[in-house]
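Student: So the chains spell out like this:
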Amino acid sequence: MKFGIVTFPGSNCDHDSYHVVKHVLGHEACFLWHKQEDFSGVDCVVLPGGFSYGDYLRCGAIARFSPIMDAVVRFANSGGYVVGICNGFQVLTEAGLLPGALLQNRDLKFICEDTTLLVANGHTPWTVLCPETIMAPIAHHEGCYFADDDTLGRLEGEGRVVFRYASRAGEEAAEANPNGAVNNIAGIINERGNVLGMMPHPERNGDTELGDGSGAWVFRSIIHSFEAQA
Amino acid sequence: MTDRLRVPPVSPRPGDPQVDDAAVREHGLTTDEFARVCDSLGRAPTWTELGVFSVMWSEHCSYKTSRKFLKQFPTEGPRVLQGPGENAGVVDVGDGLGICFKMESHNHPSFIEPYQGAATGVGGILRDVFTMNARPIALLNSLRFGSPDHPKTRHLVDGVVAGIAGYGNCIGVPTVAGEVAFHPCYDGNNLVNAMAVGTVSADRIFRGIAAGVGNPVLYVGARTGRDGIHGATMASDSFEEGREGPRPTVQVGDPYTEKLLLEACMELLQKDAVVAIQDMGAAGLTSSSVEMAGRGGTGLLLHVDRVPRRESGMTPYECLLSESQERMLIVAARGREDVVEEVFSKWDLEAVVVGEVTDDGLWTVVENDRTVASIPVGALTDDAPVYDRPRQEPADLAQRHETPDLPAHGDCNEVLLRLLASPNIADKRWVYRQYDHMVRVGTLVKPGAADAAVIGLPGTSKAIAVCVDGNSVHVKMDPFEGAQGVIAEACRNVACTGAEPLGATDCLNFGNPERPEVMWEFERAVAGLAEGLRQVEVPIVSGNVSFYNETGSQSIHPTPTVGIVGLIEDRAHAVGLGLPESGQLVLLGSPRPVLGATAYARCIHDVEQGMPPRVQWDDERALLRTLRAGVARGLIRAAHDVSEGGLAVALAEMALAGGRTREVGSGLGCSVQLPAYPEAEARELLLFGETHGCAWVVVDEEDASDLLALSQELGCPARVAGSVGGDELCVADAHGTPVVQLPIERVRDAWEHGFSKAVGVPAPPPRP
Amino acid sequence: MRIRVHVTPRKGVLDPQGQAVAHGLAQLGFDAVGEVRVGKVVDLVLDNASSESDALEQGQAMARKLLANEVVEDFTVEVLG
Amino acid sequence: MRIRVHVTPRKGVLDPQGQAVAHGLAQLGFDAVGEVRVGKVVDLVLDNASSESDALEQGQAMARKLLANEVVEDFTVEVLG
Ligand SMILES: Nc1ncnc2c1ncn2[C@@H]1O[C@H](COP(=O)(O)OP(=O)(O)O)[C@@H](O)[C@H]1O
Ligand SMILES: [Mg+2]
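Chains as they are written, first to last, in our numbering: chain A, 1 to 230; chain B, 1001 to 1768; chain C, 2001 to 2081; chain D, 3001 to 3081.
Worth flagging that the hints you see were computed from the coordinates, not collected in a lab.
The reader is advised that the hints may include incorrect statements.
[Claimed, not checked] Listed next, with one range per pair, are the computed distances between beta-carbon atoms:
no.: 1; chain 1: D; residue 1: R3064; chain 2: B; residue 2: V1386; range: 42 to 48 Å
no.: 2; chain 1: B; residue 1: E1681; chain 2: A; residue 2: R168; range: 29 to 35 Å
no.: 3; chain 1: B; residue 1: G1085; chain 2: C; residue 2: R2064; range: 53 to 59 Å
no.: 4; chain 1: B; residue 1: E1026; chain 2: D; residue 2: G3034; range: 32 to 38 Å
no.: 5; chain 1: B; residue 1: P1766; chain 2: C; residue 2: K2065; range: 52 to 58 Å
[Stated by the list, open to error] Below, a list of computed lysine to any residue pairs in the SDA-like style, where the Cα atoms sit at most 20 Å apart:
no.: 6; chain 1: B; residue 1: K1152; chain 2: B; residue 2: I1112
no.: 7; chain 1: A; residue 1: K109; chain 2: C; residue 2: A2020
no.: 8; chain 1: A; residue 1: K22; chain 2: A; residue 2: K35
no.: 9; chain 1: B; residue 1: K1346; chain 2: A; residue 2: H15
no.: 10; chain 1: D; residue 1: K3011; chain 2: D; residue 2: V3071
no.: 11; chain 1: A; residue 1: K2; chain 2: A; residue 2: G96
no.: 12; chain 1: B; residue 1: K1346; chain 2: A; residue 2: H34
no.: 13; chain 1: B; residue 1: K1152; chain 2: C; residue 2: G2024
no.: 14; chain 1: B; residue 1: K1152; chain 2: D; residue 2: G3081
no.: 15; chain 1: B; residue 1: K1428; chain 2: B; residue 2: P1765
no.: 16; chain 1: B; residue 1: K1152; chain 2: B; residue 2: R1767
no.: 17; chain 1: D; residue 1: K3065; chain 2: D; residue 2: G3034
no.: 18; chain 1: A; residue 1: K109; chain 2: A; residue 2: S78
no.: 19; chain 1: D; residue 1: K3065; chain 2: C; residue 2: D2074
no.: 20; chain 1: D; residue 1: K3011; chain 2: C; residue 2: D2074
no.: 21; chain 1: B; residue 1: K1152; chain 2: C; residue 2: L2028
no.: 22; chain 1: B; residue 1: K1271; chain 2: B; residue 2: D1359
no.: 23; chain 1: D; residue 1: K3011; chain 2: D; residue 2: T3076
no.: 24; chain 1: B; residue 1: K1152; chain 2: C; residue 2: Q2027
no.: 25; chain 1: C; residue 1: K2011; chain 2: D; residue 2: K3040
no.: 26; chain 1: B; residue 1: K1152; chain 2: D; residue 2: A3026
no.: 27; chain 1: C; residue 1: K2065; chain 2: A; residue 2: P67
no.: 28; chain 1: D; residue 1: K3065; chain 2: C; residue 2: K2011
no.: 29; chain 1: A; residue 1: K2; chain 2: A; residue 2: H224
no.: 30; chain 1: B; residue 1: K1428; chain 2: B; residue 2: G1665
no.: 31; chain 1: B; residue 1: K1346; chain 2: D; residue 2: L3066
no.: 32; chain 1: D; residue 1: K3011; chain 2: D; residue 2: N3048
no.: 33; chain 1: D; residue 1: K3011; chain 2: D; residue 2: G3029
no.: 34; chain 1: B; residue 1: K1071; chain 2: B; residue 2: L1081
no.: 35; chain 1: A; residue 1: K109; chain 2: D; residue 2: L3066
no.: 36; chain 1: D; residue 1: K3065; chain 2: D; residue 2: N3048
no.: 37; chain 1: B; residue 1: K1064; chain 2: B; residue 2: K1428
no.: 38; chain 1: A; residue 1: K109; chain 2: D; residue 2: A3026
no.: 39; chain 1: D; residue 1: K3011; chain 2: D; residue 2: F3030
no.: 40; chain 1: C; residue 1: K2011; chain 2: A; residue 2: D148
Note that the Cβ used here is the ideal one computed from N, Cα and C, for glycine as well.
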């Protein structure tokens, strides 16, 4: 399977995603430049973490107008797999590929720390192989997920909340919610399930050198889903 | 002086102010210095030239006071690929790889505007590293603030930490380690020292040496505004209360632009287009161009009118002295300008030819074909004034040395809890949680999890361990002994993870050097650092001096901080300080504790007096060897050196970080017995006294005898003192009488909340 | 022509920054401060606006497309002259 | 009484945010946009203001003490009514 990792100006986790895909999991990966208007031969697009356009104005607001994004939207609409991690998630909401918005953290500070994620729906292409919980660090200042009540109702009703912040023991818990996200939401998918956005960084725990390595299950799941469908 | 060059006359630029006595004074030049300027030019300087001399001869740029002393540092060794004198130093870690690093102060700007001052400090030190063609992989910082209850402290802490975070997080370089300490001597002068570390191909190190007459000089990066004009002069002056000098426009950092600049430079330096490259730091365009020409022994011509500007109406003086951030100067190979321009335009940055390398030894600036400055390069560099300022032993030195008479407190549980809650020792999670310390997926041992951070080197099985250290109370009490102690502690900190220290960088933060007592402290501290470095055979490869940290007549404590880079051959063996689930606790080294000048004396008795602990270098080296060998052989599972707060605090820190190995855990109990100690009734001395040469380590029970044998072989005393387990922290004296016995929960509570309580910031939620 | 765009958090959307400011002001002794909302202000110079209403329209288009995220923010545009 | 405090980067002080917005707008085809400056707007309800001038004064005091950082920012206060 081949992953295409978008490099926006200011992306800084592009190499980290590349590392997990290529060096930990042994799959193909390439970088997609933001000025590119098209791409081909990619099976999954990663919008990586970082500070695209400095995160000035609003995180992801300027990046979503990059030339590459039209192609990403087309790719997503045709069923291609797209995952946005951290800044990538923000870009996806700005681009309208996922509902809601990411607000400033409740305590107005940047937070970098491990989080435990409860896999709230294990039947998505992104989670089929995931254990009940995975560990993935967060590193963000605007990670507080917000959506209006209707949207939230739909997300919950359709099983589109994929990850929630949980205690180390794996229980959903308000104290474990680092940023004030509504319903402890850490990650969601679109209706069709081919687009995932998540604030925590599974690629930062893809390797047992860095933690328990459980972040890699997100990537393994999508590889599995892709290969099963091929 | 070098051979006298003939300097062409330069007529005053219409509209520029007069160069008169008042102007000379305002520029911080003494009468003698001004005479020297006239002498080197063979005429009076123009307004522009006056500004240029003023910044280039400022303490900050010229090291005129410190130069003489810095020569004592060992700077050579088989590992040194680049010593002091370049933008940053480089040590060899094998596999064709070098580690490039440097530390720099941004004290004055951070006091005026904490967020931007700290942010631009990070930006500046990163540029120093990536101009060498090194990919930055880690940031560190050493911070000093005034008393936690001083009305300004909280605002400064908040701003400085957020500024460091704001820059490092955005540019995507992990901030992996550092230190934060409080002392009333910093009430009017906080310290912000930032260190950057990068990796570079040993055969692709770039330097800032202008060469090749006719080669074009390119300006790249952000545009020039009126930011921080006279920043270097300001950094060479003390704060005077109530004085409203010429307030420079505060420099604002733009980490996003710097990220583009970083990537553009990394890409460009792969191509054969660049002869020399240097960042524009203090004194911007002036110092970068002068220094490149100085190192190359060439001249340089600048067309100042071609400099990209952010504001209209800027004069040559302003353009040359501006300290706008995120800019670099490049000497390209003639005919390869287009390569530079192409790469920079890919990254949406400007690259403009603004001059060329010449052979006349002159630094010449023209504005629309009219010469506005013409100065021999040497006059601004090698021939800048050098001072041998008077030094005098402080009148109160004997008093400082006197051992204080400290009555025993009696309740060691309470003493321990108070020490752990004191802001210098308490948990710094509030700080490092704001730093992205994991980006780049290289941080194997994270902040709080060990005495040094451990970063994997991509493509190898190696890792480096990095730390910064300083103990200004020890240095104040005795600069020579205290400074040696700083080296010992820094080396121990990297050795505790299993690393061999390879090289050091330093930041020498001192008061006003025109005070003979400050100069004496400086001389003794530098001598102490140099002695320590020689004892461990660690060269200094880069560094920085910050004088004039003084407000009113209050100088800061002499505060040398040292950053060390160590090498771990097999990163799988790197260890942290947290207790593993089981094992035996071994004390390596023989404690020689003192109570004066310690955290105990300050926190419990409000006393700051007495000789600091003295380093016994034979013992220290034996300890370093044992730590390294013990970790490399897989015997040592956790290690933590004894420093502030003594044996008891060190043990408590291991317990608190316990439960997980490479990250901070949720706490584990342990119980140990103290060694017998000659001085009877020396309980508090043994528990809380500070000493060099000691570390607690944990071994699996079955490995204990191997570790003891290894220590013996390497000449380091070692003693099994207890074991991991339970949910209490228990310390018994040599007779088995418990002296400390506390539930881990209580210990944790004191330690985890100490910082936020003292500083008055909201406590972070419990550890996940 | 110069225009000014105000972007403020929508009603019902959490404004922790506003809360923090209110708290900070109270601590400083400004105890009669009620609700506080913190938003952004974007000042722009328009080189091609043919009239005030043209400038307003351009400002609104910019706000809708980029300056505001209408999921969580409201905006207003005014001409400064 | 309601007041509004505008806090904007001082003249001459770099405004990277403004630059990024200008760049973003240009990319979207708003190519006649000149300088852009981005600041903050703080809307406050004052429960105790006795008059407009009292409200203004309170707002100015708040701006000086907390809302603006005068080293790098300017502020203006207006009464909204
Ligand atoms: N300013 C800082 N930036 C990053 N990490 C920090 C900072 N201050 C403290 N830390 C981290 O917190 C931990 C404890 O710091 P400290 O008490 O100074 O350690 P030590 O006494 O071993 O030198 C270390 O891992 C250190 O790197
Ligand atoms: Mg230590």
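Student: Now tell me, hint by hint, if it's right for this structure.
Tutor: Status of each hint after checking the structure:
At about 45 Å, the beta-carbon gap between R3064 (chain D) and V1386 (chain B) stays in the expected band of 42 to 48 Å. As the Cβ distance of E1681 (chain B) to R168 (chain A) is approximately 44 Å, the hint placing it in 29 to 35 Å is violated. Taking 53 to 59 Å as the suggested C-beta distance range, the pair G1085 (chain B) and R2064 (chain C) conforms, at roughly 56 Å. Evaluation of the 32 to 38 Å hint for E1026 (chain B) and G3034 (chain D) yields a pass: the beta carbon distance comes to about 36 Å.
P1766 (chain B) and K2065 (chain C) have their C-beta atoms about 43 Å apart, which leaves the hinted 52 to 58 Å range violated. With a C-alpha separation of about 11 Å, the suggested pairing of K1152 (chain B) with I1112 (chain B) holds against the 20 Å cut-off. A hinted pair counts as satisfied when its Cα atoms are at most 20 Å apart, and K109 (chain A) with A2020 (chain C) qualifies at roughly 12 Å. Of the pairs offered as hints, the one joining K22 (chain A) and K35 (chain A) is violated, with about 24 Å between alpha carbons and a cut-off of 20 Å exceeded.
Between K1346 (chain B) and H15 (chain A) the alpha-carbon distance is near 19 Å, which keeps this suggested pair within the 20 Å criterion. Straight-line distance between C-alpha atoms of K3011 (chain D) and V3071 (chain D) comes to about 11 Å, which keeps the hinted pair within the 20 Å bound. Between the alpha carbons of K2 (chain A) and G96 (chain A) the distance comes to roughly 25 Å, so the proposed pair goes past 20 Å and is violated. Pair hint K1346 (chain B) plus H34 (chain A) holds up; C-alpha atoms about 11 Å apart against a cutoff of 20 Å.
The suggested pairing of K1152 (chain B) with G2024 (chain C) holds, with an alpha-carbon distance near 15 Å, which does not exceed 20 Å. Restraint check for K1152 (chain B) and G3081 (chain D): not satisfied, since their Cα atoms lie roughly 35 Å apart, outside the 20 Å limit. Taking the CA atoms of K1428 (chain B) and P1765 (chain B), the gap is near 13 Å; set against the 20 Å cutoff, the hint holds. Proximity of K1152 (chain B) to R1767 (chain B) is assessed by CA-CA distance (about 29 Å); at most 20 Å being required, the pair is judged violated.
For the hint pairing K3065 (chain D) with G3034 (chain D), the CA-to-CA distance comes to about 32 Å; that exceeds 20 Å, so the pair is violated. In summary, the hint linking K109 (chain A) to S78 (chain A) is not supported, as the alpha carbons are separated by about 38 Å, beyond the 20 Å threshold. A threshold of 20 Å between alpha carbons decides the hint, and for K3065 (chain D) with D2074 (chain C) the separation of about 28 Å lies outside it, so the pair is violated. Between K3011 (chain D) and D2074 (chain C) the CA atoms are separated by roughly 27 Å; this puts the pair beyond 20 Å, and the hint is violated.
Taken as a hint, the K1152 (chain B) and L2028 (chain C) pair is honoured in the structure, with Cα atoms around 14 Å apart against an allowance of 20 Å. Using a Cα cut-off of 20 Å, the hinted pair K1271 (chain B) and D1359 (chain B) is violated, with the two alpha carbons roughly 26 Å apart. About 14 Å separates the Cα atoms of K3011 (chain D) and T3076 (chain D), which keeps this hinted pair within 20 Å; it holds. With a C-alpha separation of about 15 Å, the suggested pair K1152 (chain B) and Q2027 (chain C) falls inside the 20 Å cut-off, and the hint holds.
About 18 Å separates the Cα atoms of K2011 (chain C) and K3040 (chain D), which keeps this hinted pair within 20 Å; it holds. A distance of roughly 42 Å separates the Cα atoms of K1152 (chain B) and A3026 (chain D); the hinted pair therefore is violated under the 20 Å criterion. Our distance criterion of 20 Å between C-alpha atoms is met by K2065 (chain C) and P67 (chain A), whose separation comes to about 15 Å. Proposed proximity of K3065 (chain D) and K2011 (chain C) is contradicted: the alpha carbons are some 27 Å apart, above 20 Å.
At roughly 13 Å between alpha-carbon atoms, K2 (chain A) and H224 (chain A) fall within 20 Å of each other, so this suggested pair holds. As the CA atoms of K1428 (chain B) and G1665 (chain B) are separated by approximately 14 Å, the hinted pair is consistent with the 20 Å bound. With a C-alpha separation of about 41 Å, the suggested pair K1346 (chain B) and L3066 (chain D) falls outside the 20 Å cut-off, and the hint is violated. With a C-alpha separation of about 34 Å, the suggested pair K3011 (chain D) and N3048 (chain D) falls outside the 20 Å cut-off, and the hint is violated.
Between the alpha carbons of K3011 (chain D) and G3029 (chain D) the distance comes to roughly 27 Å, so the proposed pair goes past 20 Å and is violated. About 18 Å separates the Cα atoms of K1071 (chain B) and L1081 (chain B), which keeps this hinted pair within 20 Å; it holds. Annotation: proposed proximity of K109 (chain A) to L3066 (chain D) holds, straight-line Cα distance about 18 Å (limit 20 Å). Restraint check for K3065 (chain D) and N3048 (chain D): the C-alpha separation of about 19 Å stays at or below 20 Å, so the hint holds.
For the given pair, K1064 (chain B) sits about 37 Å from K1428 (chain B) by alpha-carbon distance, which is inconsistent with the 20 Å threshold. Note on K109 (chain A) and A3026 (chain D): the hinted pairing is violated, with a Cα-Cα distance of about 31 Å set against a maximum of 20 Å. Taking the CA atoms of K3011 (chain D) and F3030 (chain D), the gap is near 24 Å; set against the 20 Å cutoff, the hint is violated. Of the supplied pair hints, the one linking K2011 (chain C) and D148 (chain A) holds, its CA atoms being roughly 11 Å apart against a limit of 20 Å.
Checked against the numbered hints given earlier, the structure breaks hints 2, 5, 8, 11, 14, 16, 17, 18, 19, 20, 22, 26, 28, 31, 32, 33, 37, 38, 39 and satisfies all the rest.
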